[in-house]
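**Q** Please build the complex by placing chain B on the supplied structure of chain A, with the hints as guidance.
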Amino acid sequence: MIVLYITTLALLLISFLKDKRKTIKAFKIALKKFHKISPAFLVMLTIVSIIIYFVPNELIVSSLGKETKYLGTLVASILGSIVALPGFIAFPLAGILKHQGVTYMVLSAFTTTLMMVGIITFPIEKKILGTKVTIIRNILSFIIALIIAFVTGIVFGEIL
Amino acid sequence: MIRKVLFAFYLIFILLSIIFNFKIGIDIGKNFLSFAFSMLKIVPVAFILIGLFEVWIKRETIEKHLGEDSNWKGYFWALLLSATTVGGIYVALPVSASLYHKGAKLSVIFTYIGAAAVARIPMTIFEASFLGLKFTLVRFFVSIPLIIISSILLGKYLTGRDFRFSLE
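Chains as they are written, first to last, in my numbering: chain A, 1 to 160; chain B, 1 to 168.
Note that these hints are calculated values from the structure, not bench results.
Since we're looking at a predicted model, the values are computed, not measured.
Check each hint, because a few of them may be wrong.
[Said to hold, decoys possible] With a straight-line Cα cutoff of 20 Å, these simulated SDA-like cross-link-like pairs (lysine to any residue) come out:
no.	chain 1	residue 1	chain 2	residue 2
1	B	Lys30	A	Lys32
2	B	Lys30	A	Ile89
3	A	Lys132	B	Gly160
4	A	Lys127	A	Pro39
5	A	Lys126	B	Lys134
6	B	Lys30	A	Val55
7	A	Lys32	B	Lys134
8	B	Lys30	A	Phe41
9	B	Lys41	A	Phe34
10	A	Lys127	B	Tyr90
11	B	Lys4	A	Phe41
12	A	Lys127	B	Phe163
13	B	Lys102	B	His65
14	B	Lys134	A	Gly101
15	B	Lys23	A	Pro56
16	A	Lys126	B	Lys30
17	A	Lys132	B	Leu158
18	A	Lys127	B	Arg164
19	A	Lys32	B	Lys23
[What the hints assert, rightly or not] Simulated restraints on C-beta separations:
no.	chain 1	residue 1	chain 2	residue 2	range
20	A	Gly130	B	Arg59	47 to 55 Å
21	B	Lys58	A	Phe54	15 to 23 Å
22	B	Val5	A	Lys126	16 to 24 Å
23	B	Ile18	A	Asp19	25 to 33 Å
24	A	Leu17	B	Leu16	47 to 55 Å
25	B	Glu68	A	Ile50	28 to 36 Å
26	B	His101	A	Phe54	38 to 46 Å
27	B	Ser129	A	Ile50	29 to 37 Å
28	A	Gly157	B	Pro145	33 to 41 Å
[Claimed, not checked] Derived contacts from chain A toward chain B, CB cut-off under 7 Å, selection only:
no.	residue
29	Ser49
30	Ile52
31	Phe54
32	Ile89
33	Met115
34	Gly118
35	Ile119
36	Val151
Note that the Cβ used here is the ideal one computed from N, Cα and C, for glycine as well.
Looking at chain A on its own, in the form it has when it is part of the complex:
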């Protein structure tokens, strides 16, 4: 994170020294884009804040732990698509799940759909890609996540 700030600051400084007007224009572009997309951000944050409350970690643990391998994978991938957890919550949670005996295949389905499929981020994605392409892209990502989960299951000797 600090690296990001320092890099940005350095680039800004270089940019400002080279061309003041261009740098101000860059700021204006940043502001305009931020302004345009912020309503979608608000929608997402609102929905996430409610969903996280009603889907606490314990529920995720219990619903993934007791299912069978294939059903568990399916449940995990659907859960991962709906829930949006930031990485700093998702991976420690996955670590906990692993210790509770959840298979790598199920974990893979969960974390990959969490990262690649975004029902929660739909309002943001729709704004940039349009509804149709957003749907296609998310379905493709879902299929890819399932393939990854199966390969993970094979590699870790959990299936076949």
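**A** What follows is chain B alone, placed relative to chain A:
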């Protein structure tokens, strides 16, 4: 309009919860603030970088390396860019819109979006430390080819179908 009304309801609900010490509402409000803060730490910086990118990087440069005539190197650049992306899809999408308006080709852009979801360096390190390097490597080497293939297919499908990125 409906969105504004719903959001107003949400705010009123949170405020009333705080006044009357209603636990559900307070927890939801806390969730909102904690996620908003974690996004606000990254998003403004990312947008400034996008602004600098749009001002300084010439359209020809992007066209040459990521455009229609770029070969496999275009995908390589997309992967590299995604690895260094911070935040998540809410940063990757505005970046992809900028790439589009600078003339990058669709399959390269979709590769970038997909890879930015699964191959960001800080996140990958985090994942490997909780689930093991083997897990991360399998996910990485299976996902990248699939992302590139599906992006090429999606790009082919959308070319000539009047598809445009918005958010100029």
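**Q** When the hints from earlier in the document are held up against this structure, which numbers fail?
**A** When the structure is compared with the hints, numbers 1, 5, 7, 16, 19, 20, 21, 23, 25, 28, 31, 32, 35 turn out to be violated.
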